[in-house]
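Here are the chains, one letter per residue:
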Amino acid sequence: MNRTARLLALLLGLASLLAAVPRSGRTPVPQGFTVLELRIDAGQGPLAGWQVEVRLRGAKLVGIEGGDDEAFRDAPRYDPRALRGGRVILASLAAGERLPAGEILVARIHVLVEDGAELGFDIVGTETVRPDGRGFVGRARLALPGDKR
Amino acid sequence: MKRLMLALSGLSLALWAGCAADGVEGSAPSLAADEVQMGGSYRGPGDSVPARPGLVPELLRREDSLDTLQGFSAGRLLEAKRARAAAEPDETILVDVEVEEVADAEDFDEIVVIERADGTTSDYGPGQYAALRAEVEGRSLPLPLERTDIRGDVTLNIASVQVTQAFHNPFGAKIEAVYVFPLPQSAAVSDFLMVLGERRIRGIVREREEAERIYQAARNQGYHASLLSQERPNVFTQKVANIQPGEKIDVEITYFQTLEWREGAFEMVVPTVVGPRFNPPGSTGGVGAVAEGEERSSGQTTEVTYLDPNRAGMHRLTLEVDVDCGAELAFASCDSHPTTVTKTESGRTHIALRDGEDVPNRDFVLRYAPAGDGFRGAVAVHDDPATGYRYFAALVQPPEVDVDAAPQPREMIFVVDCSGSMSGEPMAACKRTMRRCLERLRPTDTFQIIRFSDAASSMSRAPLAATPANVRTGLAYVDRLTTDGGTMMERGIRAALGQEAEAGRRRIVTFMTDGYIGNERDILRAVHENVGQARIFSFGVGSSTNRYLLERMADVGRGVAAYIPLDTDARAEIDALYARIERPTLADLRFDWHGAAVHDVEPRALPDLFAGRPLMIHGRVKGELPASITLEGKIGAKPYRFDLPIGAPIQHPALVKLWARSRIRSLSDAMAISPQPDEFRPQVMELALEHGLASAFTSFVAVDSSMVTEGSHGITVTVPAEMPRGVRYETTVKDSR
Numbered sequence: 002m003n004r005t006a007r008l009l010a011l012l013l014g015l016a017s018l019l020a021a022v023p024r025s026g027r028t029p030v031p032q033g034f035t036v037l038e039l040r041i042d043a044g045q046g047p048l049a050g051w052q053v054e055v056r057l058r059g060a061k062l063v064g065i066e067g068g069d070d071e072a073f074r075d076a077p078r079y080d081p082r083a084l085r086g087g088r089v090i091l092a093s094l095a096a097g098e099r100l101p102a103g104e105i106l107v108a109r110i111h112v113l114v115e116d117g118a119e120l121g122f123d124i125v126g127t128e129t130v131r132p133d134g135r136g137f138v139g140r141a142r143l144a145l146p147g148d149k150r
Numbered sequence: 010m011k012r013l014m015l016a017l018s019g020l021s022l023a024l025w026a027g028c029a030a031d032g033v034e035g036s037a038p039s040l041a042a043d044e045v046q047m048g049g050s051y052r053g054p055g056d057s058v059p060a061r062p063g064l065v066p067e068l069l070r071r072e073d074s075l076d077t078l079q080g081f082s083a084g085r086l087l088e089a090k091r092a093r094a095a096a097e098p099d100e101t102i103l104v105d106v107e108v109e110e111v112a113d114a115e116d117f118d119e120i121v122v123i124e125r126a127d128g129t130t131s132d133y134g135p136g137q138y139a140a141l142r143a144e145v146e147g148r149s150l151p152l153p154l155e156r157t158d159i160r161g162d163v164t165l166n167i168a169s170v171q172v173t174q175a176f177h178n179p180f181g182a183k184i185e186a187v188y189v190f191p192l193p194q195s196a197a198v199s200d201f202l203m204v205l206g207e208r209r210i211r212g213i214v215r216e217r218e219e220a221e222r223i224y225q226a227a228r229n230q231g232y233h234a235s236l237l238s239q240e241r242p243n244v245f246t247q248k249v250a251n252i253q254p255g256e257k258i259d260v261e262i263t264y265f266q267t268l269e270w271r272e273g274a275f276e277m278v279v280p281t282v283v284g285p286r287f288n289p290p291g292s293t294g295g296v297g298a299v300a301e302g303e304e305r306s307s308g309q310t311t312e313v314t315y316l317d318p319n320r321a322g323m324h325r326l327t328l329e330v331d332v333d334c335g336a337e338l339a340f341a342s343c344d345s346h347p348t349t350v351t352k353t354e355s356g357r358t359h360i361a362l363r364d365g366e367d368v369p370n371r372d373f374v375l376r377y378a379p380a381g382d383g384f385r386g387a388v389a390v391h392d393d394p395a396t397g398y399r400y401f402a403a404l405v406q407p408p409e410v411d412v413d414a415a416p417q418p419r420e421m422i423f424v425v426d427c428s429g430s431m432s433g434e435p436m437a438a439c440k441r442t443m444r445r446c447l448e449r450l451r452p453t454d455t456f457q458i459i460r461f462s463d464a465a466s467s468m469s470r471a472p473l474a475a476t477p478a479n480v481r482t483g484l485a486y487v488d489r490l491t492t493d494g495g496t497m498m499e500r501g502i503r504a505a506l507g508q509e510a511e512a513g514r515r516r517i518v519t520f521m522t523d524g525y526i527g528n529e530r531d532i533l534r535a536v537h538e539n540v541g542q543a544r545i546f547s548f549g550v551g552s553s554t555n556r557y558l559l560e561r562m563a564d565v566g567r568g569v570a571a572y573i574p575l576d577t578d579a580r581a582e583i584d585a586l587y588a589r590i591e592r593p594t595l596a597d598l599r600f601d602w603h604g605a606a607v608h609d610v611e612p613r614a615l616p617d618l619f620a621g622r623p624l625m626i627h628g629r630v631k632g633e634l635p636a637s638i639t640l641e642g643k644i645g646a647k648p649y650r651f652d653l654p655i656g657a658p659i660q661h662p663a664l665v666k667l668w669a670r671s672r673i674r675s676l677s678d679a680m681a682i683s684p685q686p687d688e689f690r691p692q693v694m695e696l697a698l699e700h701g702l703a704s705a706f707t708s709f710v711a712v713d714s715s716m717v718t719e720g721s722h723g724i725t726v727t728v729p730a731e732m733p734r735g736v737r738y739e740t741t742v743k744d745s746r
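Protein chains in written order, with our numbering: chain A, 2 to 150; chain B, 10 to 746.
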């Protein structure tokens, strides 16, 4: 199995295969549209791909945008089947040869907070891979812009 | 070049001065949206601004004399002069214009008036809609949609197509752009991106009403947002909200499609314009056709605005397709557009518009075939880890069978659309086709010609024997056909199918039409209810026919559809029609999968097989497909079996979505002719949501929630479509069909 196929196989796995590393935030925000920033700490090594399951409460997904790094600028994919079941599973493979390391803003998640609801969000699981297709425990963090927690 | 832009809003003018650029960028004619919303000059449904004929000239040139500026009083023009003189370069100013003479306009190389719709009577609120007209010395200014770029990637017969619509706001105020456009009726629309500069925001498939609510909320709150909704399987509406002055927003749509094999080649059709549709009186759910300045006047839920053909549009089309058949191509050709065909370094065949771009006013039709001794079928597979199924698409074609049987006498009924949209070139093509059809009649046939527009009438009270004298009568009848009025197709259907066929004769009904109607469901239901034992062959006549309707009519009538371009003698198409009629049809089809666990094959009800038209099926299997499948059927009363080997399949990841799209199509087809169409909604919606596809009940929505644009959502601007090539504006749009 070549590198790309291994990466794809990893990224196409479902949430049951994900390492559960819950991170949560409960910052009240005004009603309406807001954006959440998804960061992954890849440690010292390069990040070649990721898949994250996000649990949203009181909000609907209305758009998915890539991150700041060139390798993850393209909009991540989402799993429509999971979304149908109320789960948000996002994934992206790095583009290009220069892969980032350290903490990387990999996606902006655009949501609409429902009327009268309080926005809540968790990361249910994270899967991260190196260029050779090996998985590693990357830490994912989801936050409102400017929230450094 | 200096350019003076005037935007007229009822009694006031907004004036923008000092644009130095030649091109599109940086030029910002003012739409004066805020002014319109604040002032009382906008004409909405409740407004009572009296009509002032000739108030708004569409074009002012510096050489224009005052005489040409109808409706501009001397006093008003004087104020414009003062406003211009006081303006700084590149400054936008809004004034109520009072100008005395136009001579001062000599300071400008161009003067453009952007007209606000006058006399609008539909039910939208103040400040929401405007018709924009702008033209400079014979060429139009860019309107909100600058360009549509289409990139196709074909592997054998599976096409992946990316459509990029480049929206741009050339005006001085924020706008919402609305564009009604076509896609192929079998397209599985599966991806949607809103692109703002380098930022790419992927849209989400939502239940249609929910997507619309999200979009409206984003639009009203000033967020960039876009919404893609399916109006018909081949008609979509794109909305892009809060495009700021000078801003560009692209929308990228990706669809997959399995291409059919037709008369010796795979055929890829990319429609580029929705033809002007007729809607029967009293209908509201159709697709309206209106002229610029008459937006929202059709009374239909979907509406296409058309450019006056005397005014050149600036919307351009670029189109490129790469084809990889895994082998050399015998040929790749496009009769609809001038193209170049080249071989890439990777061995693919690259087809592109010869001049780089074209006007989006007709279908792009590419035909290609792999080299070799005849097409034997094709199979593509994809293993889906989420479901554990192997999805497949197979194009199966049984060998031709020599059947020694006396030909059955036929009753040939030709139904000709003589509505206004067929006037000119389409009717000329139709007459050529009809002549060829009549020449090909057999002495044992009977025939009838029925014309319809507002009403239906026939050549004779009953079908005539195809004697030489009667054929001459038919030819003379065809020569006398004229066009006028609406497309009351249902009357044509009932006239053709309402009477019993003569005993012992096989009834063949051939429809010749552009299919420009907005009540497809009514038509399909009428065909379904009346078809009986007849077979229906539909001929799409024109450059951009309603292929959804034509294909579905043929499906319901157990025939096939074919298309007659405007500049053909139709000989090949008619010969193919007669070949299909005269050769045996394989009916009552059934597949034997040789024990393989094959499920959910689409189409569920297998059609009859005609020569030259192989059957495309989608399905899924647990495990492997067998090395061959057996197709069983009957020719007449005699059973036949064909073992069809399944060759080495190609792999294609789109097959899951294509299977889902095929299933949605089956459900939608059943829904179209069902007295209880709502029963199908949950199934269609579930499939579409699960597979991330656009459908009648699901839409894509994308919102950029990271920033709010200033001001209100601005004015909604519909993107006018080109008139389809060969279709007359006067008889389709301007005569308030």
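Everything labelled a hint here was simulated from the structure, so no lab data went into it. Check each hint, because a few of them may be wrong.
[Said to hold, decoys possible] Example chain B residues on the side facing chain A (calculated, C-beta under 8 Å, incomplete):
1) 206
2) 208
3) 209
4) 227
5) 230
6) 362
7) 395
8) 587
9) 696
10) 698
11) 699
12) 700
13) 701
14) 710
15) 713
16) 714
[Unchecked claim] Incomplete in silico selection of chain A near chain B, CB under 8 Å:
17) 33
18) 34
19) 64
20) 75
21) 85
22) 111
Glycine included, C-beta positions come from ideal geometry on N, C-alpha and C.
Let me know if the C-beta of residue 111(A) comes in closer than 8 Å to any C-beta of chain B, holds or violated.
Cβ of residue 111(A) sits 4 Å from chain B, so the hint holds.
**Prompt:** Holds or violated: residue 64(A) as interface residue toward chain B, Cβ cutoff 8 Å?
**Reply:** holds, 4 Å
With 8 Å as the cut and Cβ atoms as the points, is residue 696(B) at the interface with chain A?
-> Violated - the Cβ of residue 696(B) stays beyond 8 Å from chain A, reaching only about 10 Å at its closest.
Agreement of hint residue 362(B) with chain A interface, Cβ distance less than 8 Å
violated, 27 Å
Tell me if the interface restraint on residue 209(B) is satisfied: Cβ within less than 8 Å of some Cβ in chain A. This hint holds: residue 209(B) lies near chain A, its Cβ roughly 5 Å from the closest one there, short of 8 Å.
### Message
Is the interface hint satisfied for residue 33(A)? The criterion is a beta-carbon contact with chain B at less than 8 Å.
### Response
holds, 6 Å
inquiry  = Let's test the interface hint: is any C-beta of chain A closer than 8 Å to that of residue 587(B)?
reply    = violated, 46 Å
(Q) Quick check on residue 699(B) please, does its C-beta sit within 8 Å of some C-beta on chain A? (A) With Cβ-Cβ at 5 Å, under 8 Å, it holds.
Tell me if the interface restraint on residue 85(A) is satisfied: Cβ within less than 8 Å of some Cβ in chain B.
Given a least distance of 5 Å, the restraint on residue 85(A) holds.
Proposed interface contact between residue 395(B) and chain A, which counts if any beta carbon pair is under 8 Å
holds, 6 Å
For this session: Identify whether the interface hint at residue 75(A) stands, where standing means a beta carbon of chain B within less than 8 Å of its own.
Result: holds, 6 Å
query: Quick one, is the residue 230(B) hint okay against chain A at 8 Å, beta carbons?
result: With a closest approach of 6 Å, the residue 230(B) hint holds.
The structure fails hints 1, 6, 8 and 9 (numbered hints given earlier, in ascending order).
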